[in-house]
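Asker: The primary structure of each chain is shown beneath.
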Amino acid sequence: MPDIVRNGVTIDDNFAEAFPMSGTGILITAPNAKWARQAGLTMTGFATSVIGCGCEAGIDREVSPQETPDGRPGVRVLLFAMSSKDAEKQLVNRLGQCVLTCPGSAVYSTVAGEFEIKVGDAVRQFGDKWQMSKVVDGRRYWRVPVMDGEFFCEGKVGLTKKSVGGGNLLIMGADWDKTMRATEAAVSAIDGVADAIAPFPGGIVRSGSKVGSQYKGMSASTNDAYCPTLRGVTKSALDEDIGCVLEIVIDGLTDNAVREAMRAGLRAIIEMGPEQGAKRVGAGNYGGKLGPFHYHLKELLP
Amino acid sequence: MKPFTFTLRQEPPQRVDLSPLTPDRLAGKPIAQIEEIEIGVTRISTKVGDLFKIAEGDLKNVRFEGGSSRFDLLGTKLLPGFAIHVEGDVGAQCGRLAKGGRITVAGSAGPHAASGNLGADIEIRGDVGEFLAGPLAGELAGMAGGRVIVRGKAGERAGDRLRRGILIIEGDAGEDLGARVIAGTIFCLGEAKGRIGYLNKRGSIVLARGGCFGATYVDCGAHELTFARLFARSLRNHSAPAADLLSRKLRRYGGDTAVYGKGEILTPD
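Residue numbers (the working numbering), protein chains in the order written: chain A, 6 to 307; chain B, 1340 to 1608.
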């Protein structure tokens, strides 16, 4: 089938293949937006890929004081893992090491899921029996005394097994600057979509991978078909006009959140056009047999 | 739909036990059968029909037109989702062991109101007697959940052995407020006297007026507490003065160090 061209940008007739994941998250508040954001950033550091980090996490959005339970500025952090057990382990570890330690922070549940996992009920023991529990409107919270006052944390947070991980866009352009410009525009569009995150640095991954390797025991290696410096020597997917490829990977609490995030990213890239931004957009998949969720680019066009 | 209404015909000749008149226990009974329910507590018979004129309606909302300080055990073991309103006073043990739902009393309540409450939302617009939310003799714990708001004054030993839940007294409290508290939260927006928080283990007692709490309560300084902000928001629609109190900087007195000592008294700085 012929590729589709929109506003001068070629859209591959291809699809992104995604997988079911366990999704959870927390709302972190702090006395000011800087420290709420800092807690969110610290907790979502080293959380780009489940392969090496145990989970994928990112800041979904900043939350205004009017929307938070305690009237302080906050950030909503989402965390995805391959199983609910992994998600719980990662969330509790990150909460204990990155949020409990962050000055002024407090933690609330923010994901309405079918399950609940213990967070405050686990971290409370840091209080060495000085912690106090308060039940407010049927939800249990813990007040843990710390050196700047009290760490306030909800006992349990929601978890859903209906999350989706691995939605993606491959953005291809003439050079690094133009490709980056288009990709950044797509990432900021995706930031505006609720319930979806792009876990890689700044939302962008430059080292897309393929399954398998020439080395024994390596399950994934560089996606040589999309490496511009190998265009002549490998079975390349790139034409002569492409000098740089960047990828956005998207995880969402729902199938629809991933779809809407991909749609928003695609729209931003197309609006920018090939002169300023990307010439071509593709998507990564494994032939369609591994993941149950398929997002066809042609169905997401504006 | 109109509430299921009991209209008082006359002052009861004796104390009456209203525990059979909760929605779940009335469900499925015809009016004639309800009128035959014995509610007297002496050898002299007093039946529902002798005291009340009954108007059928939505059983989710039961309404008593007219009250009396002889109305004991109103709303006993009330279940979630149901509501009882009394346009008048009630007697002892109103809302005893209520599991949920909502009880509103336009007048005053007698002793042991909300005793052993497990989850009901109870509002008393007048005053209450002694042992608000407290245990009966021999019981080890008092109220274990829910929210009780008294717009007027409370008698002695309000919140005795409170285990969980929120107790708000908008007026003055009698002696020994929050004695033997296990956990939970008590507010007193008027004056509190006597041994406040005597033998308090892990409870929070929030007082609008400070004072001396004895040698076993230790000053822990004034703080902006995050939990108070959340709590204040949750209470805003139920008791604005309590929410205002929590929104201020609060001085924390830790105690009662005569016992477990993990509780606190909070007062505005």
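Calculated directly from the structure, the hints in this document are not laboratory data. Hints may contain errors.
[Claimed, not checked] Here are the simulated DSS-like cross-link-like pairs (lysine-lysine), alpha carbons at most 27 Å apart as the crow flies:
(1) A:LYS161 <-> B:LYS1601
(2) A:LYS123 <-> B:LYS1540
(3) A:LYS134 <-> B:LYS1386
(4) A:LYS221 <-> A:LYS240
As the structure is a computational prediction, the values presented were derived from the model and not from experiment.
Asker: Do the alpha carbons of A:LYS161 and B:LYS1601 lie within 27 Å of each other, as the hint requires?
Answerer: 23 Å, holds
Asker: Is the straight-line distance between the alpha-carbon of A:LYS134 and that of B:LYS1386 27 Å or less?
Answerer: Not OK: A:LYS134 and B:LYS1386 at ~53 Å, beyond 27 Å, violated.
Asker: Could you grab the alpha-carbon distance between A:LYS221 and A:LYS240 and see if it respects the 27 Å cut-off?
Answerer: This hinted pair holds, its Cα atoms lying about 21 Å apart.
Asker: Taking 27 Å as the top limit, are the C-alpha atoms of A:LYS123 and B:LYS1540 close enough?
Answerer: 25 Å, holds
Hint 3 from the list above is the single one not met by this structure.
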